[in-house]
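Sequence order for the protein chains is D and V.
Be aware that the first sequence starts at 10, since it is given in my numbering, and climbs by one per residue.
Be aware that the second sequence starts at 32, since it is given in my numbering, and climbs by one per residue.
Hints listed in this document are in silico derivations from the structure and should not be mistaken for laboratory results.
Any given hint might turn out to be false.
Claimed, not checked - Within a straight-line C-alpha distance of at most 25 Å, the following computed SDA-like cross-link-like pairs (lysine to any residue) qualify:
1. D/K272 - V/E377
2. D/K280 - V/H193
3. V/K379 - D/D270
4. D/K280 - V/R317
5. D/K272 - V/D290
6. D/K280 - V/V186
7. V/K342 - V/Q310
8. V/K342 - D/K272
9. D/K272 - V/R317
10. D/K280 - V/E192
11. D/K272 - V/Q144
12. D/K272 - V/P383
13. D/K280 - V/V233
14. V/K379 - V/N329
15. D/K272 - V/D248
16. D/K272 - V/Q310
17. D/K272 - V/I318
18. V/K133 - V/G115
19. D/K272 - V/G365
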Amino acid sequence: MLLEVRDLRVEFTTREGVAKAVNGVSYEVAEGETLAVLGESGSGKSVTAQAIMGILDVPPGRITGGEILFQGRDLLRLKEEERRGIRGAEMAMIFQDALSSLNPVLTVGDQLGEMFVVHRGMSKKDARARAVELMDRVRIPAAAQRVRDYPHQFSGGMRQRIMIAMALALRPALIIADEPTTALDVTVQAQVMDLLAELQREYRMGLILITHDLGVVADVADRIAVMYAGRIVETAPVHDLYKAPAHPYTRGLLDSIPRLDHKGRELYAIKGLPPSLTAVPPGCPFHPRCPMAQDVCRTDVPPLYAVEPGGAAGLATGEGRGSACHFWRDCLEGTGSR
Amino acid sequence: MATMAPVPGTETTTEPILEVEGLVKHYPLTRGILFRKQTGAVKAVDGVDFALGRGETLGIVGESGCGKSTVARMLVNLERPTAGAIRYKGEDVTRLSGRALKAVRRNIQMVFQDPYTSLNPRMTVGDIVGEPYDIHPEVAPKGDRRRRVQGLLEVVGLNPEHINRYPHQFSGGQRQRIGIARGLALRPEIIVADEPVSALDVSVQAQVVNLLERLQDEFGLAYVFIAHDLSVVRHISDRVGVMYLGRIMEIGTDGQIYDHPTHPYTQALLSAVPVPDPQARDRRERIILTGDVPSPTNIPSGCRFRTRCWKARQRCADEVPLLAVPEAFRGEGGPAAHPSACHFAEEKRVVPPDDPAVQP
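Just chain D, same shape as in the assembly (with noise of 0.2 Å):
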């Protein structure tokens, strides 16, 4: 397995109390397969990703417990230069925004060369050289020429291609892409997502696509994570979590997209909001918003329980399709009430 985090617990301190932003998460990505995380705002998605990364700000964060094992090593165990020849070179990161994550004082040509300069010790001629390769590799027109602009001479899709030229420069095993079309148009995200599963497919990479768009993730990936409230509520296969989702939030999710294959009616929407981190409701943190809480709901937190129909009861392991739902078997099945 590339990667395997397991129990990941993520704090920060805030004026109103300890927020607990990644509360027990797990979740695995195999060489060449995307899994896509899934989440609102404030689900604990990006955060986690930061924590893998080693770019989590500590202060006000810190990490309280778990392991993040990367082709077997537990990075949480490394030194902070250990984890530094890593990152870049062995995983690497796409950003939301590529304007404000590309240094505007330096052209894009010195700032992919870098990577050669700094990982490889390349002389700064060669490094040029390989950036040309690079943005001619993510379909930049006239590469040669514009390798010596600077980011703003660049349109966001563009600038978008070169955030992903660095992150695959030293062709990493694993890449994190938060949010990666977010900020662009439609038919630009097109193009941008094509491209990078296109490179994915070509390098093998492992893919961690964190989004909150179900649409993208129907487009892309092998796998599905949910995150609510800082846990994982739903893993599974992505065709088998948009035929039936096994939590009730999936669900609700699913439900409350407008459709563009037909106008539909009244959209399901999920009532209340995501609760504050440094708050989050006992027993299952869904509870006050989910159609089907029950009293067990309000006291006990459930675990990730295996999902397969008709199946004992069991926890899910890493491959498994999980719920961390008690009441999986009736979301599943449709017959929980709305």
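For this one, chain D is given, so just place chain V on it according to the hints.
Positioned in the frame of chain D, the structure of chain V alone reads:
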């Protein structure tokens, strides 16, 4: 004038309340300090026609920079058009001033995109929602305002007791409700909503979309609903206009645009939208456009979409296609017969028909 053919896109489903004709907004680019010389113009909106019926929702979709927000700002008179007419019940708003303009503006209100920056953080919710009454005191007598504001908060699903709270004490979805309450305060007939749900999380977005639909039924509002999310626009709109680089490329009912698009840009746009159905991955044909939208300072000759269009031929560079029912579909009367500004308009279904097997 009476013999003039109706302007394309003006066939509203109900009696028209707002008609826009030849709307243009150019921002001059100048050089020099003492001797200012105009060197060009950003052609943000470059000839837009449409009409809005009473109680109807017109969706306007397009990518960033297409001019949709500039159209919105002109409709509520935050920008003065360079040319063209905006007729509210037959009267050209762009020629009005003073009291007459103020009276019209009361009836056309706006809801903004960003619920974080469109509410003054130093004002209480009561002051924000009640502020329109300071400008139009004839609507609500002073002693009655607090009660009215509380009524509005209740209508949009907020607790009327929170009237003295400040915007930061509310979540994004609740703030958008405050913005909607403010838009409703003067009992307008038309609400122009510019990306009203784009900044919201999925589960909250559905709540606000449902609220807008409920309010429309309750108050008989007409909406101009501007958004880049094509699924949301289909859900809420009766008719949809697709904008590109300052012009409407295609306009029709939601079924005509989504199920029977004839303009290549609309087809590309629709085919690029990710559909939340993994089964559709292999069934769908994707039209991936090359390149980026050209700069609005330097619009291509002829058809402005031709630089990215896979169908473009010489005629597209020479001749501006007009927004009209394409010749091929005239007289047919089918769903493909709606205005589309393309010389080579062809029907092409790009949104896969709903597969009943995947429906819950």
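Okay, the hints, checked on the actual structure:
no.: 1; hint: D/K272 - V/E377; verdict: holds, 23 Å
no.: 2; hint: D/K280 - V/H193; verdict: holds, 19 Å
no.: 3; hint: V/K379 - D/D270; verdict: holds, 14 Å
no.: 4; hint: D/K280 - V/R317; verdict: violated, 35 Å
no.: 5; hint: D/K272 - V/D290; verdict: holds, 11 Å
no.: 6; hint: D/K280 - V/V186; verdict: holds, 17 Å
no.: 7; hint: V/K342 - V/Q310; verdict: violated, 29 Å
no.: 8; hint: V/K342 - D/K272; verdict: violated, 30 Å
no.: 9; hint: D/K272 - V/R317; verdict: holds, 21 Å
no.: 10; hint: D/K280 - V/E192; verdict: holds, 20 Å
no.: 11; hint: D/K272 - V/Q144; verdict: holds, 23 Å
no.: 12; hint: D/K272 - V/P383; verdict: holds, 14 Å
no.: 13; hint: D/K280 - V/V233; verdict: holds, 12 Å
no.: 14; hint: V/K379 - V/N329; verdict: violated, 30 Å
no.: 15; hint: D/K272 - V/D248; verdict: holds, 17 Å
no.: 16; hint: D/K272 - V/Q310; verdict: holds, 20 Å
no.: 17; hint: D/K272 - V/I318; verdict: holds, 23 Å
no.: 18; hint: V/K133 - V/G115; verdict: holds, 20 Å
no.: 19; hint: D/K272 - V/G365; verdict: holds, 19 Å
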